[in-house]
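Each chain, letter by letter, is given below.
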Amino acid sequence: MKYQPLADISPYLPQWAEISRIQKLTESERLFEMHLADGEPLGHKPGQFIELSLLGIGEAPISISSPPGVENSFELAVRKVGNLTSAMHRLKVGDRVGIRGPFGTHFPVDETQGKDILFVAGGIGLVPLRSFIKFVLEHRRDYGEVTILFGARNPSEQLFLDELEDWRRRDDLRYLESVDRPDPNWTGHVGVITTLFPYIHVDPSKTYCVVVGPPVMYRFVIVEAKAKGIPDTHIFLSLERRMKCGLGKCGHCQINHLYVCQDGPVFRYSDIFDLEEAL
Amino acid sequence: MALQIIEKSDLAFFVQNLMDHFQLEGVQSKGQSVYGQAFFYGTIRSPAELCLDFDCTVMPPKKYFLPPQEALFRFQTGPSPACFECRPNKPLVIFGIHPYDLKAISQMDRVFAAGTPDPHYLARREATILIGIDPTHVAPRSFWASMEAAVVSSGFDLMMTDLGANYIVETGSEKGKALLGDYAKVRPATSDEVRQRVSQRSHIADMGQKRGLTFPKREIPILLQHSLTSPLWEENATKCLSCGTCNLVCPTCYCFDVWDDMELNLTQGQRLRRWDGCLLSDFARVATGENFRGTRTSRYRHRFYRKGQYLFFGILDDVACVGCGRCAAFCLPDIADPVEVFNRLKEKLN
Ligand SMILES: Cc1cc2nc3c(=O)[nH]c(=O)nc-3n(C[C@H](O)[C@H](O)[C@H](O)COP(=O)(O)OP(=O)(O)OC[C@H]3O[C@@H](n4cnc5c(N)ncnc54)[C@H](O)[C@@H]3O)c2cc1C
Ligand code: SF4
Ligand code: SF4
Ligand code: FES
Chain D
935 MKYQPLADIS
945 PYLPQWAEIS
955 RIQKLTESER
965 LFEMHLADGE
975 PLGHKPGQFI
985 ELSLLGIGEA
995 PISISSPPGV
1005 ENSFELAVRK
1015 VGNLTSAMHR
1025 LKVGDRVGIR
1035 GPFGTHFPVD
1045 ETQGKDILFV
1055 AGGIGLVPLR
1065 SFIKFVLEHR
1075 RDYGEVTILF
1085 GARNPSEQLF
1095 LDELEDWRRR
1105 DDLRYLESVD
1115 RPDPNWTGHV
1125 GVITTLFPYI
1135 HVDPSKTYCV
1145 VVGPPVMYRF
1155 VIVEAKAKGI
1165 PDTHIFLSLE
1175 RRMKCGLGKC
1185 GHCQINHLYV
1195 CQDGPVFRYS
1205 DIFDLEEAL
Chain S
22 MALQIIEKSD
32 LAFFVQNLMD
42 HFQLEGVQSK
52 GQSVYGQAFF
62 YGTIRSPAEL
72 CLDFDCTVMP
82 PKKYFLPPQE
92 ALFRFQTGPS
102 PACFECRPNK
112 PLVIFGIHPY
122 DLKAISQMDR
132 VFAAGTPDPH
142 YLARREATIL
152 IGIDPTHVAP
162 RSFWASMEAA
172 VVSSGFDLMM
182 TDLGANYIVE
192 TGSEKGKALL
202 GDYAKVRPAT
212 SDEVRQRVSQ
222 RSHIADMGQK
232 RGLTFPKREI
242 PILLQHSLTS
252 PLWEENATKC
262 LSCGTCNLVC
272 PTCYCFDVWD
282 DMELNLTQGQ
292 RLRRWDGCLL
302 SDFARVATGE
312 NFRGTRTSRY
322 RHRFYRKGQY
332 LFFGILDDVA
342 CVGCGRCAAF
352 CLPDIADPVE
362 VFNRLKEKLN
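Going down the list, the sequences are from chains D and S. Converting from the first sequence to the numbering used here requires adding 934 to each position, the first position being numbered 1. Converting from the second sequence to the numbering used here requires adding 21 to each position, the first position being numbered 1.
I should point out that these hints are in silico values taken from the structure, not numbers from a laboratory. C-beta atoms are modelled at their ideal positions from N, C-alpha and C, and glycine is treated no differently. Fair warning: there could be bad hints in the mix.
What the simulated footprint calls covered on chain D by chain S, stretch by stretch (three residues with Cβ under 8 Å from a Cβ of chain S suffice, anywhere in the stretch; the number is not a length) [claimed, not checked]: (1) 1010-1022; (2) 1168-1178; (3) 1188-1194.
A few chain D residues that face chain S, going by a derived Cβ cut-off under 7 Å, partial list only [said to hold, decoys possible]: (4) I943; (5) P945; (6) Y946; (7) L947; (8) P1149.
All chains, please: the whole structure from these sequences, using the hints.
Here it is in structure tokens:
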């Protein structure tokens, strides 16, 4: 295979990235480890996303699921829902894809140093949140207490099983999980993610809450976080919207005067709580 | 450069010269629209085709900078996949743009240059020479005077005013100056003619006042601040057809969709962008089915907020409506008219 290098001349032109590892996460989700073909690091921060392109099929915004690492590789976890994501699931190790980005805002990795963090992930929301969780665990001594709440619809939709197992065992973090609909083998907690809140204790004076999940989840989780005394300025969330450019131009991702592709996807709750169409 | 005069008898000479040296685009009269004679921008192939006393064109000139569909790049798949950039640079002269449309172009220039500049828009814009013309007629639904777009002092290469016997021409750029110098027969305007231009322009501004806001334009963002829950949105939106015409004809609507188009050989294709519209029902819908503006009311209201507030606070520091009235004229249920909506909101608030 021969690939022509792409000059950095238009923000719409993708760069090539080569897939180095593929892992099946669930029936519908796959993890792709890849690196830019020119060997450069992607240069992202936890919470940012890229536009993933397959020539002839199109583009889709996908979160970078891994923290910036020593190696120049990065990971994307893709759920098969339509054209591009299904085509992605047919790719093999060694295949190349197009990448634009990284785009958008990132999780507050610096602001939360020395603070306690409550991570709340619903379903595939774990994919973007994982970049921050792993970052914190890699720099464990820079952060205070770590609590992770993870809710999935059913046990077969749990992602990153090895990592969940690691979190269950670690004594430097608290991990609680729930499923909405258990299967016969499930021995854990049953219920929507908010039903885990009575089991946790937070010190509101030094806790940050970082939430990523499906749109319906935010309102309910935020009520719980506020009930624990966490101020709006210490609640962060990552929003999904339709995106076509990543450049603040095409208008698809707009929430009032904000463009989720540029001003988000990570928002401080106090910046958006009063925006009509945000949550 | 001082104001210049082109005699009416010398206009054809200028137009012919421009046709010989550039691709010349201008306004043509083609049949009837719902509001009388219909005017369109198109390629001028003889001086007689160029119309300068139009009231308003059906479509704004935005297609010259943001074509309804354009390739962002071409690509090939197969054993050696590659992308090839398409950078438009065809030089163009557009002859006959009204002040409100010039103002809209200036706003789009800022939008596409903001943040990460859009090389496609900017390349087209760079390659284009704009010749403005002050209006002689006002379209029935226009309200550009109250949007402070009756006259413009920048955003053109040349700006012409019809003084009856001749055209008086202001130069707005080096390109415009060169155009006059190379291709037109001109003489300096007399002080009488300069005075005539001033009075002609105040006459135009008066003509444009026939319809308008009942309050100053700069109050629109604050008016909207208080109107989010107004019953007017739903009242009007129940009649909305979600057809997107109001987006299509608007000189300051620029949202686009991006998708890949493959040739029949399945190895070559292009990534295209095409106009999209926030009034269309799937505009904010994501693949998992969630639609972030799923109701007609939310989509209908969004357009007014985007024009009157979001872009104002975001990039423009101005209302992104220039009062051309095209949306009002072409909305079938007649609910898209900004001046109507803003005035009614103001009434309800008082
Ligand atoms: C910031 C961000 C981060 C994301 N991170 C991830 C991630 O890490 N992993 C992941 O799996 N997903 C992620 N997503 C979601 C992902 O972008 C979508 O699942 C993906 O766009 C689906 O593309 P598709 O071609 O497979 O789907 P298709 O349904 O084929 O959609 C193709 C395109 O058409 C649009 N479309 C959808 N429905 C319609 C319709 N009814 N009519 C017209 N057009 C339609 C879509 O928006 C998409 O752009 C993220 C989204 C955002 C905004
Ligand atoms: S407001 Fe009028 S023009 Fe706009 S989408 Fe609705 S019906 Fe169509
Ligand atoms: S909103 Fe309507 S009147 Fe205003 S610029 Fe757009 S088309 Fe013209
Ligand atoms: S994705 Fe186009 S404006 Fe945000």
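Right, here's what the structure says about each hint:
no.: 1; hint: 1010-1022; result: holds (count 3)
no.: 2; hint: 1168-1178; result: holds (count 4)
no.: 3; hint: 1188-1194; result: holds (count 4)
no.: 4; hint: I943; result: 6 Å, holds
no.: 5; hint: P945; result: 5 Å, holds
no.: 6; hint: Y946; result: 4 Å, holds
no.: 7; hint: L947; result: 6 Å, holds
no.: 8; hint: P1149; result: 6 Å, holds
When the structure is compared with the earlier hints, no violation turns up for any of them.
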